[in-house]
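Residue numbers (my numbering), protein chains in the order written: chain G, 70 to 562; chain L, 204 to 523; chain C, 6 to 319.
It is worth saying that the hints were derived from the structure and are not from the lab. Where a beta carbon is used, it is the ideal one built from N, C-alpha and C, also for glycine. Incorrect hints may have been included.
Stated by the list, open to error - What follows is a set of in silico ranges between Cβ atoms, one per label pair, in the way DEER data are often shown: (1) C:L96 with L:L325: 42 to 48 Å; (2) G:K390 with L:T298: 42 to 48 Å; (3) G:T225 with C:R177: 23 to 29 Å; (4) C:L297 with L:G497: 20 to 26 Å; (5) C:T151 with L:G243: 55 to 61 Å; (6) C:T151 with L:R353: 40 to 46 Å; (7) L:I387 with C:A20: 50 to 56 Å; (8) C:L96 with G:G402: 38 to 44 Å; (9) C:L41 with G:D240: 53 to 59 Å; (10) C:F21 with L:G497: 54 to 60 Å; (11) L:G317 with G:Q391: 26 to 32 Å; (12) G:F95 with L:A515: 25 to 31 Å.
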Amino acid sequence: MQQATGAGVSAPDAPLVALTDARVHFGAVRALDGVSLTISPGECLGLIGHNGAGKSTAVNVINGGLTPTGGQVRYLLADGRDGSGLADAQACGIRSVFQELSLCPNLTVLESLRVIHRDLTGIGWRKVAQGRIAKALAEIFPGHQIEPGMTVGELTLAERQMVEIAAGFSDGRMPARLVILDEPTSSLDAAIARQLLSHINTFCAKGGAVIFISHMLGEVFDVATRIDVMKDGRIIASKPTSEFTQQGLIDAMGHVAAEKSAARAPGSAKTELGEEILKTPEGLSARKGEIVGLAGLAGHGQAEALARFYMSRSGKLGQVKQPEVAFVAGDRGRDGVMPIWSILRNLTLTHLPSLTNRGLVDRDGERRLAADWRSRIGIRTDNMDNLILSLSGGNQQKVLFARALASSAPIVVMDDPMRGVDVGTKQEAYQLIRNEAAGGRSFLWYSTETEEVCQCDRVFVFRNGRISAELTGDNINEENILAASFEMQGVGT
Amino acid sequence: MDKSFVLKLTDLPRRPWFWAFAASVLAFGATTYLTDGRGGAGLLSAALTFAAFSAIVGLGQMFVITLGPGNVDLSIPATMTLAATLALKFMHGETALVLPGLGVALLVGLGAGGFNYALIRLLRIPPIIATLSASFLYQSLAIWSNRGLRIKPPEVLADFTTGSFFGIPNMTLIGLLIAVLSWIVLERSIFGRWVSAFGQNTRAARLSGVPVEVVRAVTYISSAVLASLTGYFLASFSGGAALNMGAEYLLISIAVVVIGGSSIAGGNSNVPGIWGGALLMFLIVSMLNSYGLGAGVRLIMTGTIIIGIVAAASGKGRAV
Amino acid sequence: MNGKYRILLPVLSLAFLLAAVFYLQPRAMSYFGLNLLFNLAVPIALATIAQMMIMMVNDIDLSIGTFVSFVACVTATFLHDTPVLGVAILLAAILAYAGLGALIHIRQLPAIVVTLGMSFVWGGLAVLLLPSPGGTAPVWIRSLMTVKPPLVPMAVVACVLIAGISHFLIMRSSTGTLLRAVGGNAQAVARSGWSVAKLKAGAYALAGFFGVLSGVCLVGLTTSADANIALRYTLLSIAGVILGGGEFTGGKISPVGAVIGALTLALAGSFLSFMRLSPDWQIGAQGAILILVLAVRLLFSRRNRKWKEAAQNG
Numbered sequence: 070m071q072q073a074t075g076a077g078v079s080a081p082d083a084p085l086v087a088l089t090d091a092r093v094h095f096g097a098v099r100a101l102d103g104v105s106l107t108i109s110p111g112e113c114l115g116l117i118g119h120n121g122a123g124k125s126t127a128v129n130v131i132n133g134g135l136t137p138t139g140g141q142v143r144y145l146l147a148d149g150r151d152g153s154g155l156a157d158a159q160a161c162g163i164r165s166v167f168q169e170l171s172l173c174p175n176l177t178v179l180e181s182l183r184v185i186h187r188d189l190t191g192i193g194w195r196k197v198a199q200g201r202i203a204k205a206l207a208e209i210f211p212g213h214q215i216e217p218g219m220t221v222g223e224l225t226l227a228e229r230q231m232v233e234i235a236a237g238f239s240d241g242r243m244p245a246r247l248v249i250l251d252e253p254t255s256s257l258d259a260a261i262a263r264q265l266l267s268h269i270n271t272f273c274a275k276g277g278a279v280i281f282i283s284h285m286l287g288e289v290f291d292v293a294t295r296i297d298v299m300k301d302g303r304i305i306a307s308k309p310t311s312e313f314t315q316q317g318l319i320d321a322m323g324h325v326a327a328e329k330s331a332a333r334a335p336g337s338a339k340t341e342l343g344e345e346i347l348k349t350p351e352g353l354s355a356r357k358g359e360i361v362g363l364a365g366l367a368g369h370g371q372a373e374a375l376a377r378f379y380m381s382r383s384g385k386l387g388q389v390k391q392p393e394v395a396f397v398a399g400d401r402g403r404d405g406v407m408p409i410w411s412i413l414r415n416l417t418l419t420h421l422p423s424l425t426n427r428g429l430v431d432r433d434g435e436r437r438l439a440a441d442w443r444s445r446i447g448i449r450t451d452n453m454d455n456l457i458l459s460l461s462g463g464n465q466q467k468v469l470f471a472r473a474l475a476s477s478a479p480i481v482v483m484d485d486p487m488r489g490v491d492v493g494t495k496q497e498a499y500q501l502i503r504n505e506a507a508g509g510r511s512f513l514w515y516s517t518e519t520e521e522v523c524q525c526d527r528v529f530v531f532r533n534g535r536i537s538a539e540l541t542g543d544n545i546n547e548e549n550i551l552a553a554s555f556e557m558q559g560v561g562t
Numbered sequence: 204m205d206k207s208f209v210l211k212l213t214d215l216p217r218r219p220w221f222w223a224f225a226a227s228v229l230a231f232g233a234t235t236y237l238t239d240g241r242g243g244a245g246l247l248s249a250a251l252t253f254a255a256f257s258a259i260v261g262l263g264q265m266f267v268i269t270l271g272p273g274n275v276d277l278s279i280p281a282t283m284t285l286a287a288t289l290a291l292k293f294m295h296g297e298t299a300l301v302l303p304g305l306g307v308a309l310l311v312g313l314g315a316g317g318f319n320y321a322l323i324r325l326l327r328i329p330p331i332i333a334t335l336s337a338s339f340l341y342q343s344l345a346i347w348s349n350r351g352l353r354i355k356p357p358e359v360l361a362d363f364t365t366g367s368f369f370g371i372p373n374m375t376l377i378g379l380l381i382a383v384l385s386w387i388v389l390e391r392s393i394f395g396r397w398v399s400a401f402g403q404n405t406r407a408a409r410l411s412g413v414p415v416e417v418v419r420a421v422t423y424i425s426s427a428v429l430a431s432l433t434g435y436f437l438a439s440f441s442g443g444a445a446l447n448m449g450a451e452y453l454l455i456s457i458a459v460v461v462i463g464g465s466s467i468a469g470g471n472s473n474v475p476g477i478w479g480g481a482l483l484m485f486l487i488v489s490m491l492n493s494y495g496l497g498a499g500v501r502l503i504m505t506g507t508i509i510i511g512i513v514a515a516a517s518g519k520g521r522a523v
Numbered sequence: 006m007n008g009k010y011r012i013l014l015p016v017l018s019l020a021f022l023l024a025a026v027f028y029l030q031p032r033a034m035s036y037f038g039l040n041l042l043f044n045l046a047v048p049i050a051l052a053t054i055a056q057m058m059i060m061m062v063n064d065i066d067l068s069i070g071t072f073v074s075f076v077a078c079v080t081a082t083f084l085h086d087t088p089v090l091g092v093a094i095l096l097a098a099i100l101a102y103a104g105l106g107a108l109i110h111i112r113q114l115p116a117i118v119v120t121l122g123m124s125f126v127w128g129g130l131a132v133l134l135l136p137s138p139g140g141t142a143p144v145w146i147r148s149l150m151t152v153k154p155p156l157v158p159m160a161v162v163a164c165v166l167i168a169g170i171s172h173f174l175i176m177r178s179s180t181g182t183l184l185r186a187v188g189g190n191a192q193a194v195a196r197s198g199w200s201v202a203k204l205k206a207g208a209y210a211l212a213g214f215f216g217v218l219s220g221v222c223l224v225g226l227t228t229s230a231d232a233n234i235a236l237r238y239t240l241l242s243i244a245g246v247i248l249g250g251g252e253f254t255g256g257k258i259s260p261v262g263a264v265i266g267a268l269t270l271a272l273a274g275s276f277l278s279f280m281r282l283s284p285d286w287q288i289g290a291q292g293a294i295l296i297l298v299l300a301v302r303l304l305f306s307r308r309n310r311k312w313k314e315a316a317q318n319g
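If we strip away everything but chain G, and leave its shape as in the complex, we get (with noise of 0.2 Å):
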């Protein structure tokens, strides 16, 4: 509870950190292009903007981890001090909770904070360590279940995000004055989300400043203070919470959002759904044509089913050039993307089989085949031989659809596949699921996301790895998703 008085000692305006005209230019590439912003104590700056606008490189040049090539970054020490670069950074207070998961899966949950925290060393050092991370989630996270000697590779996706978070606002030999949370609440399901939020409000109302990035919107509206709007590398608003609406802000990113009733009224005017295609044991079902969704809190087994489906149906050397099922991944860096290999081969691998002579590959059909699907698609880029990482997530993201929709499968699976993915990008692939359905494919749609759950024509709602309600027609909304994914448990929590 002392930790966030320390930001009293200077005064109470003055900011913790101050960019003044911050750039960063990679050659011609221009990630930070003239950035200005100060972070007071007590504020909580929500900071918003596409896939490529410019966050994580803000995010790197506020925690010092990289040096700006133009402009100034300024700490405000403890001491009254002021300050630049890594060290001075940390001296400050300052914590980052990145996007990635950045633990080591090897490693206890105590021990992870040794990573984190370099006054850990000496006799003793593990009740330190072990005392501030439980201090912590029991604080953000009132009624977790993580125990500190836990190994983190044995945790849930969420339990980690859980721990990375407590660490961020854990004591240390300099407590934490600022925070940068960089999609936080990504893997976390809505009620450890709500949790985290009122953490950080409270956080903020002791002392504490907090930068926090979301694509949830709802979620920077809940907890900012004020709102930077980021694009192209320069901020283009920044105005207090209460001046802005959502659309407001979806406008200012330079996206036309389209409006969620008309997104879905042409597609729900079909509704020919053709024979059941397929039954898993656990209860799963499609017809012909039909996107089916799976809903619940963040890791209730939906991804798990959807994995077991997708390996029971595949894998076979017959099924290569006839696949039943295709995939698309929502972790690209772990299920999708081939790291070494150009935006073509990634995008062809899927359907190549049925593009070979004995086994040889036809290079030209593959050409063709590539060239389509970047224009039906609209990936960006000037040359598909590029390197798929030179894409950004958005794009990659769209070669991953591609790689399973230009295959031949009846039924495509897909993972969450919109995670962290922007909001323009999204637009098209739902308009490209709807359009491939109405052609008579079935998709098996996960995703953590209500909104994009209630496009779908049916919905599985799994809790505890079981399917605990099958919704269908007008009854697919977000009161009955929530009420499904949280009956019996909300006591207790």
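Chains L and C: place on chain G using the hints.
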């Protein structure tokens, strides 16, 4: 001069296999310099012959290493010895049995590769340990089957392996043929794509419809078959199968793959580099020999050169 | 959960093998019998710990066998004749290991190849030192290795010490935690402001240190050395780490398990000779034992997973 040609020339040093060939030329030059150019033809022919053996096992190892971290075939020497021993014992020096003998060797390869794969698949053992423990079994089998007796190969076969065709050693021709076939498989066939995908991200490959288990089985079996083939020829070339005939090929097979510019991180393989590495490994030893250096210095130099080449070749552009 | 089961199987397989040996040869169940069984295990255990240090940071050392041979040669020559120079050479060798670790990280080289190259270098140096078997063990190490503590033979005491010290160093200390973190997620470690190059150099230096101990102990047991004395340690040490529950990647290792794995392998040799197996099959049976233990381990982890699933569903 044509501009594109100039561009290609300046591009050469960036090819991963360039350094292996450049160093081979240097080693060749340094050796023949000592003899004022005499014996150059003999050295070249010897280099091409011995490099062929290293290249064939190296190609097999390359397929395996391309499957990604942890994939390496440590059973190559034992498989070579076992195949050579059984094949020579079967032929018993009779000309008529040369081809069936080859069949025996290839069958041994199939069996060994299949067994290696079965261990990896069924017991989920890391490939290094699986091939290592299997190699102990093959070794015992070879000892037991022949008790270390040396059986002479059929004369026709011995003549063929030491002979040449229009000045090019027969072994070199076979080595080149296998290299060309491997290149086609890796660069032009669907199987090559699958191997590369497997090596970059096995999970993603599986989820993209790549039949990963088929790929892994075929890869380990090819490595063992190529090792058996080499064992068959090497034993015929050197006048009989010896129990330790394969020993040095374990290090060589890995070294040529890496010197040749294939990525040890998986997914990226390089066929021309295998030949470059194989030539280099032989030429370094003969260079140091001709300068009259003792075994100790020769080993130190070989090691230093391997590290030097790898350090020079992988300076940039390596995917993390 | 899993981390705790990790150690169970190595312990059981060692116990099983030990029981089998005692059953076949009851006389082994004595002070001298045990010493005889485990004597040669001490240097193997040290080499296995050295290999584990490298595997901890996601690399593999194919040169440990030749390195131990080289150290053995230095011990039997320089360390005996001119101790100061001998110690200096061994320190330089440890430094060379640290340098390799840094080089491998900074230039992003594949460790498997660099250590492969180094195996030639150490082998060459060893041949230069002792072209033919010979040399003499320093008196102090000879007496240290043949010391007879009460109740428990020296070999067992030494193994317990090795396991205890390396466990404390790697699993308990804060520096050891950082080293394991490098194996788990080097990127995260770098992002927290640590120098991964320094940490890797540290892990390699530890490997060098334990390699040196292994070579010195080996000479203390054999009284003389030759350039090929420990070549099989490379494969034995890898197998030992794996038998002990370690993994190739991800910094998942167990020092206690590694020592037990080394003991199991050493015992396997004695077991076979007690079985009066034809020498033709000695090597093969060693492979078979390795396969068997790993197969049992698979069953173990499957069972474990089933329990977990049952616990989750129930």
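Against the structure, the hints come out as follows:
no.	hint	verdict
1	C:L96 with L:L325: 42 to 48 Å	47 Å, holds
2	G:K390 with L:T298: 42 to 48 Å	45 Å, holds
3	G:T225 with C:R177: 23 to 29 Å	27 Å, holds
4	C:L297 with L:G497: 20 to 26 Å	44 Å, violated
5	C:T151 with L:G243: 55 to 61 Å	58 Å, holds
6	C:T151 with L:R353: 40 to 46 Å	43 Å, holds
7	L:I387 with C:A20: 50 to 56 Å	54 Å, holds
8	C:L96 with G:G402: 38 to 44 Å	42 Å, holds
9	C:L41 with G:D240: 53 to 59 Å	55 Å, holds
10	C:F21 with L:G497: 54 to 60 Å	48 Å, violated
11	L:G317 with G:Q391: 26 to 32 Å	28 Å, holds
12	G:F95 with L:A515: 25 to 31 Å	27 Å, holds
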